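Residue numbers for the sequence shown follow full-length UniProt numbering, so the first one is 1 and each next one is one higher.
No lab work stands behind these hints: they were computed from the structure.
Quantities reported herein were computed from a predicted structural model and do not represent experimental measurements.
If a hint is listed, it holds; no wrong ones were tucked in.
Calculated pairs, DSS-like style, for lysine-lysine (alpha carbon to alpha carbon, straight line, at most 30 Å):
1) K37 x K147
2) K108 x K131
3) K123 x K108
4) K108 x K37
5) K78 x K108
Label pairs and their calculated CB-CB ranges:
6) A76 x G112: 26 to 32 Å
7) P148 x S125: 15 to 21 Å
8) G122 x E71: 20 to 26 Å
9) A76 x G155: 14 to 20 Å
10) V7 x S73: 32 to 38 Å
11) S4 x A76: 38 to 44 Å
Even glycine gets a Cβ: it sits at the ideal position worked out from N, Cα and C.
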Amino acid sequence: MNSSNPVIRNVLPADLDRCFAIETVAYEGDEAATREKIATRIATWPEGFIVAEVDGVVAGFINSGAAFQVEMSDEAFKELIGHDPAGPHVVIMSVVVHPDYQGQGLAKRLMGEFIERMRALGKTSINLMCKERHIPLYAWFGFVYVKPSASDHGGMAWHEMVLDL
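Take the sequences, apply the hints, and build the full model.
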């Protein structure tokens with residue numbers, strides 16, 4: 001599967017099942033979002049939800065919400081409770097690529113496009129939580145380490161990072 005020229009676009013309602021399948025296969029334990037949470041994210045803020053399509057198949061995606069105040073350990077926000085599309089701060093909830101497409105630079109392509117789109121929307125920061133092994137990837141994009149997170153989402157240890165736009 002050659003992902004050298006993916007199409008990166010906003011999510012469509014028809015992408016729900018594929019996005020849920022990717023989320024389920026790519027995340028460990030109970031850290032994967034439910035189908036309902038993904039459906040909520042698609043319906044609520046498609047501007048903050050982009051997919052990478054390779055040969056007509058969704059291979060990965062990034063989804064997010066926006067807020068005026070960011071509390072990274074707020075589990076309710078994952079269902080976009082407190083989301084305000086006018087908020088200047090973006091919170092990424094998933095950066096995920098199907099295992100069949102990993103190692104081909106898709107996450108970097110998605111993140112680069114996502115950052116540009118958030119700049120174009122006039123956002124001032126992008127916030128995320130990641131596992132320790134992903135800190136260097138996000139640092140490569142200019143994200144700065146903030147602190148270990150109070151969140152124990154999925155029973156995992158998380159680290160908060162932020163990119164000022």
